[in-house]
Amino acid sequence: MEQAKHILQELPCGCAVLDISGSLAYTNPTLCQLLGSSEDAVRGTSIESILTVASRIFYQTHFFPLLNLKGEVSEIFMTLKTANGTHVPVMVNAKVSTENGETVYICVFAPVWERQKYEEQLLSAKKAQQKAIEENTILNGLKAQLEMNQYQLDRKISILRERNNAYLQMSKVFMHDMQEPLRKISLFLDALFGKDRGEVAYDDQRKISIIRKSILRLRHMTRSLLDFVQISAPEESVTFLDPKRLIIEAKEELEKEASASNFSIDIGDLPHFEGRESQIKRVFIELIKNALQNTLADRPLNIQVTAVMVQENVYQHQTDKYRYTDHIQMEIKDNGSGFEGQYDSYVFGLFNKIDARSGGAGLGLALCKQVISNHYGTIKAQAEPGKGACITIVLPIRQSAG
Amino acid sequence: MDIYKRNNVTILGQGVQPMIFAHGFGCGQQMWRYIWPAFEKTHKIVLFDYVGSGGSDNTAYNPERYGNLNGYAQDVLDICNALDLRDCVFVGHSVSSVIGLLASVKEPERFDSLVMVGPSARYIDEAGYFGGFSQADIEELLDTMDKNYIGWANFLGPAIMKNDERPELAGELTDSFCSTDPIIARQFAQATFLSDNRTDLANVKHRALILQCSNDLIAPVEVGEYIHKQMPESVYRLMQATGHCPHLSAPDETVRLIREFLS
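Order-wise, the sequence lines are chains E and F.
Just so we're aligned: 35 in full-length UniProt numbering is position 35 of the first sequence, and the numbers increase by one with no gaps anywhere.
Just so we're aligned: 47 in full-length UniProt numbering is position 47 of the second sequence, and the numbers increase by one with no gaps anywhere.
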């Protein structure tokens, strides 16, 4: 036993016993010597007090968890901090043990002055090599990716051009080609059954009125579609927008219309963001309109608009590409009739309506989605029947890729 | 994409309300082994490893994504989506407290409450803010990590779990034990210790519990108090436990405080 104690005293490496809380219960003379301190001075202090800050973090995040889970750790590199502040690089081995029924950690510290130098050289050589390999791999990968992207981009441009042409033609169709037959139907209907045509049977009157209503509806739909096609004409330039001002303006415009009854909007602090002013304002108009069409009879409409800044990936379609930038995440919440959860994405479809009786054409939210997509954003709806709906819009603060 | 495999998702427990346990920088889901059993009767326990940590699928690691804590938050949201989780109790250790916070702001409906164990919103000091570290400290940490990679294979080799009370866990944990790729671990350290999420704190809408250890070097008391101040609705508990890993060193106290908060 005496011999064992003697060996411990003379051991050519530092040795410490930690209790469960990480306090130094025992330090051998070699460790005290390494630390330039005495056993009395260090006993009872935390192991962290003899480590550099970085080694403390490593101790907490790696060393301590591993020691606990594994029961032992070996060859861990750490740096001791001596009483006068100098650093001693050490290799640490440790194991969990018990002493009088209490868990203790036994650690040995071997200074690695010389080894450390080799390791540093090894590491810097390895790093340089790693960097060269990585750069080369990255460059080759990028080259292949660039080529692939260019190829895909070119194909997408052809498709988009084609679609854009079709869109322009469609707007011409809605503007003129479809209006004309409608006008004619209406005209000749009047000619056939106009006021000066004498008595018309009751049943025929009913049929005529249905035809007239259908004509109106068709007119309304073609006008809406024209609107939908024209909204994202990209001529408008991007400016820095104050969403609060746009919402207030949207509200005022709606209040001028007779259909807009009394309602209130609470607007929180909203960060400014880049966008095309008339389009974004249109989104707010459509969202408020939508809320107005889905109010409950027993409570006046209240809309709450709040926003937070979040970071989102700017790449929406390319998998494996990530760049997180600042986005505004805006919530437009109303206290209206809401809808069942399964319609969350349905409501953004063209002419899709939850409530067939409501006044709108089923175009507003589709239009919003188009505008938001054109601004590289996302829009989603969540609602509960009877409790109201919440539209969440996420838009990048900057439109350009800077 | 198989999220179960990618994030090494483990589902346990007999309860309905999901309770997600998210490990911090340095290890994997095993860190929670003393904690989750206390909630298995009342909750659906969801354990996982972030891509690049523990037993995750390292081939899914993308340095662009995981260079930012929002990339890690996306892991949490991906899991919530794959498992269709709602109203989760999210228990995050260290940097995971902030990762869970970011996720909860993006998809609030997925979360019920946040338990933040040893959180910090910013590790590096700056004028008017005490984070506990200087830039030089963090650089030395990255250097220390580099030096430990020389003996990495030995350091992170498969280990047999000693768990006499729950022998059923032994096999499952053997392989997935804290195996972290050195390059990934270094990037995780960078994403963690260089992040600044102070402005995100005010965006939290959920109930939150801050578990602050006494004498925590990584997240000092001042940092926990700062977070509490920025999140006025949060519940702040200063623990008797010391260090940065109360879930390992003081599981009883940790469980008691989480239970108190949830009841």
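The set of hints was computed from the structure by calculation and includes no laboratory data.
Everything numeric in this text was worked out from a predicted model, so none of it was measured.
Watch out, some of these pointers could steer you wrong.
[Unchecked claim] Computed spacing ranges between beta-carbons, pair by pair: (1) Ala201(E) with Glu109(F): 21 to 29 Å; (2) Ser237(E) with Arg256(F): 33 to 41 Å; (3) Gly128(F) with Asp266(E): 28 to 36 Å.
[What the hints assert, rightly or not] Covered stretches of chain E (chain F as the covering partner; in silico rule of three or more C-beta atoms under 8 Å from a C-beta of chain F): (4) 40 to 52; (5) 147 to 161; (6) 222 to 231; (7) 322 to 331.
[As the list claims (entries may be wrong)] Keeping only pairs whose Cα atoms sit at most 35 Å apart, straight-line, the calculated DSBU-like set for lysine-lysine is: (8) Lys229(F) with Lys5(F); (9) Lys333(E) with Lys229(F); (10) Lys229(F) with Lys131(E); (11) Lys5(F) with Lys387(E); (12) Lys41(F) with Lys387(E); (13) Lys131(E) with Lys207(E).
Heads up, the beta-carbon is just placed ideally off N, CA and C, and yes, glycines get one too.
For the pair supplied as a hint, lysine 41(F) and lysine 387(E), confirm whether the alpha-carbon distance does not exceed 35 Å.
Within the cut-off at roughly 33 Å; holds.
Is it true that the CA of lysine 131(E) sits at most 35 Å from the CA of lysine 207(E)?
Judged against 35 Å, a Cα distance of about 80 Å means the pair is violated.
Verify the proposed pairing of lysine 5(F) with lysine 387(E), using a straight-line Cα cut of 35 Å.
Violated, because 38 Å separates the two Cα atoms, which is more than 35 Å.
Is the distance from the Cβ of serine 237(E) to the Cβ of arginine 256(F) consistent with 33 to 41 Å?
Given range 33 to 41 Å: violated, Cβ gap about 60 Å.
Pair hint outcome, lysine 229(F) versus lysine 131(E) [Cα-Cα no greater than 35 Å]:
43 Å, violated
Mind checking, does the segment 40 to 52 of chain E have 3 or more residues with a CB under 8 Å from chain F?
It holds: at least three residues are needed, and the segment 40 to 52 of chain E offers 3 whose Cβ sits within less than 8 Å of chain F.
Closer than 8 Å Cβ to Cβ for three or more residues is the test here. Does the segment 222 to 231 of chain E pass it with chain F?
Contact hint for the segment 222 to 231 of chain E vs chain F: violated, 0 residues under 8 Å.
Compare the distance between the alpha carbons of lysine 229(F) and lysine 5(F) with 35 Å, and conclude whether the hinted pair is satisfied.
Cα-Cα ~39 Å, so violated.
Assuming the hint says 28 to 36 Å, is it satisfied by the Cβ distance from glycine 128(F) to aspartate 266(E) or not?
32 Å, holds
Do at least three Cβ atoms from the segment 322 to 331 of chain E come closer than 8 Å to Cβ atoms of chain F?
As far as the segment 322 to 331 of chain E goes, the hint holds, because 4 residues have Cβ atoms under 8 Å from chain F.
Sort out whether lysine 229(F) lies within 35 Å of lysine 333(E), counting only the CA atoms.
This hinted pair holds, its Cα atoms lying about 28 Å apart.
Mind checking, does the segment 147 to 161 of chain E have 3 or more residues with a CB under 8 Å from chain F?
Coverage by chain F is violated for the segment 147 to 161 of chain E (0 residues, Cβ < 8 Å).
The structure is inconsistent with the numbered hints 1, 2, 5, 6, 8, 10, 11 and 13, although it conforms to all the rest.
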